[in-house]
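> So you can see what is in the structure, the chains are spelled out below.
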Amino acid sequence: MRTVRICREDELEDQGKTVVEIDGLQIGVFRLGDDFYAYKNLCPHQGGPVCQGRIYQKVVEKLDPDMKSRGRDFDADGVHIVCPWHGLEFDIRTGKFAGASDVDIMSLEGYATQVQDGDVYAIVE
Amino acid sequence: MDANIVPSKAMPVQEMDVYTDTRDYLAPARRDAREMGFADWFICDIDAHHLETVHWHEVIEHIEDPVVRHQAMMYQKERFGAPPYGLNGDLGLRYQDVGGRIPHQSGQREKVEETDVHRDVTLTRRAMQALCVDKMVVFPTPMLFLGMHPQADMEVLLTRAYNKWLTERVLPGDEGMASLVLLPFNSPEEACRTVEEFADKPGVIGFTVTSTRYKPVHANEYMRLYSMIEETGKPIAFHAGYHWQDPSLATCNSFLGMHALGFAWCNIVHMTNWVLNGIPERFPKLKSVWIESGLSWIPFVMQRLDDQYLMRMSEAPLLKQMPSDYMRQNCWYTCQPMEKSSEVGLKATFEMINAKTQLLYASDWPHFDFDAPRVIAEIPWIDEESKRNILGMNAANCFGLEPKLRWK
Chain G
18 MRTVRICRED ELEDQGKTVV EIDGLQIGVF RLGDDFYAYK NLCPHQGGPV CQGRIYQKVV
78 EKLDPDMKSR GRDFDADGVH IVCPWHGLEF DIRTGKFAGA SDVDIMSLEG YATQVQDGDV
138 YAIVE
Chain Z
721 MDANIVPSKA MPVQEMDVYT DTRDYLAPAR RDAREMGFAD WFICDIDAHH LETVHWHEVI
781 EHIEDPVVRH QAMMYQKERF GAPPYGLNGD LGLRYQDVGG RIPHQSGQRE KVEETDVHRD
841 VTLTRRAMQA LCVDKMVVFP TPMLFLGMHP QADMEVLLTR AYNKWLTERV LPGDEGMASL
901 VLLPFNSPEE ACRTVEEFAD KPGVIGFTVT STRYKPVHAN EYMRLYSMIE ETGKPIAFHA
961 GYHWQDPSLA TCNSFLGMHA LGFAWCNIVH MTNWVLNGIP ERFPKLKSVW IESGLSWIPF
1021 VMQRLDDQYL MRMSEAPLLK QMPSDYMRQN CWYTCQPMEK SSEVGLKATF EMINAKTQLL
1081 YASDWPHFDF DAPRVIAEIP WIDEESKRNI LGMNAANCFG LEPKLRWK
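Residue numbers (the working numbering), protein chains in the order written: chain G, 18 to 142; chain Z, 721 to 1128.
So that you can see chain G by itself, here it is in the shape it has in the complex (with noise of 0.2 angstroms):
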């Protein structure tokens, strides 16, 4: 088990996040608030570099009481990391993938993180 210094913890904004490398593994850690969140930069769909895509909130699909669609708009409590290479979705406060809600599909592999003294850790094994 390792700790990894990732960054100060002012220099990510919120629902900002950074890219590091250590020895060839990628991480991207989140910051959601005053939470954050580490991910292998690798997505289990096809193996895309799913940290460095672009954070987008959920888009929901409005109904009103008798189920009729008045459109769609952004949750913003639903913060997601897109994968650039095919834009799966994964909600970064889980890492899992944020459609199909009532079934586990597939999930980015997490690390436990750390904030101490103003700086930010991931514990990677």
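These are computed hints drawn from the structure, not numbers from a lab. Nothing false has been slipped in among the hints.
Heads up, simulated DMTMM-like pairs for lysine to aspartate or glutamate below, C-alpha to C-alpha not over 25 angstroms straight-line: (1) Z/Lys729 to G/Glu38; (2) Z/Lys921 to Z/Glu910; (3) Z/Lys729 to G/Asp52; (4) Z/Lys1107 to Z/Glu1059; (5) Z/Lys729 to G/Glu26; (6) G/Lys113 to Z/Glu735; (7) G/Lys75 to Z/Asp1089; (8) Z/Lys921 to Z/Asp873; (9) Z/Lys935 to Z/Asp966; (10) Z/Lys1005 to Z/Glu917; (11) Z/Lys1060 to G/Asp119; (12) Z/Lys797 to Z/Glu830; (13) G/Lys57 to Z/Glu1098; (14) G/Lys79 to Z/Asp817; (15) Z/Lys1124 to Z/Glu895; (16) Z/Lys729 to G/Glu142; (17) G/Lys113 to Z/Asp737; (18) Z/Lys1076 to Z/Glu1105; (19) Z/Lys729 to G/Asp40; (20) Z/Lys935 to Z/Glu951; (21) G/Lys75 to Z/Asp817; (22) Z/Lys729 to G/Glu30; (23) Z/Lys729 to G/Asp136; (24) Z/Lys1060 to G/Glu126; (25) Z/Lys1067 to G/Asp121; (26) G/Lys75 to Z/Asp737; (27) Z/Lys729 to G/Asp51; (28) G/Lys113 to Z/Asp817; (29) Z/Lys729 to G/Asp31; (30) G/Lys113 to Z/Glu1059; (31) Z/Lys729 to G/Asp134; (32) Z/Lys1060 to G/Asp121; (33) Z/Lys729 to G/Glu28; (34) G/Lys57 to Z/Asp741; (35) G/Lys57 to Z/Glu735; (36) G/Lys57 to G/Glu30; (37) G/Lys75 to Z/Glu735.
Pulled from the structure, derived: some chain G residues nowhere near chain Z, Cβ distances all over 12 angstroms: (38) Asp27; (39) Leu49; (40) Val77.
The C-beta atom is built at its ideal place from N, Cα and C for all residues, glycine as well.
With chain G held as given, fit chain Z onto it using these hints.
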């Protein structure tokens, strides 16, 4: 806190965008290629793309008709913010990058400093290097919709201009690049002229019908074309596309639904007409390649046609075998996009199409649903010979290519 803290280094590319170098974009594929030893494998990519409209001002210089050429050049020179001259395109092209989520689909505006070859040669080389591809066939992108152009003459002029531009300006830049030149299929005599003029051009390994069109492939007016192509020994390919204005596809409100069906539908129709009208019996040496419809449509069509043929054989009197036999023996298929959510389904498909000899690797790079060679190499239930066949040797056999290793 662990006392043994190790530092990390920020990656030079923090976020992929339309300016990202292809080699950075595909770095994970390059890593896979090294780990899997692809340099020792002949890998042929039957379907990659370039964006011909970036160089449309060059393409239109090759329009034969002097009046149309002049009009095109004036349009390209003076109209501001207009789409490329003469192209019909399709509404769906606006949605392919999923709102910016897949930047390489939007454009490749990366820096190219090489000046000894055409920019598209450099971009193709970068993709070939990253994917460890030895031979890469390049197709245009918006021109895939030309079969729906209201002016049949414009299909003729633009496909001829593109074929000339590609074979004179681009392909000579790298012997690893190849083309299945476009046929102006709505004008059969002009399609024949294309075969006559381009069959022996360096880098031309076959001919393409862009599948999005409402022409019956079994019409008598195409028999001379098929005979000529059979004579060349080079395959005819049907490159799929979509047409959102098709009345049934127009009911789909998402690109997802329209694209999923559209790219299969056009080839489902053409294959049905191709087989039931006995084209493989009339031209037994004519090889047909079915491109970019994925694979899952093939078992469906095989079973559907076999089932109906048994009850209505008088409507397909040229057949001496079951429809699925022709589809398995006379036809080749590109794998992309390889639908693989069901291993059971994919296994059955491989068996039904005799993938070991009939399946061809295709990346479709740089489009949103591209497949790297690992999609074949990592399949656990086929042997290495099958993998090598699918990734390159089947193409070498089908197209008569020398399996030359470029990256060894």
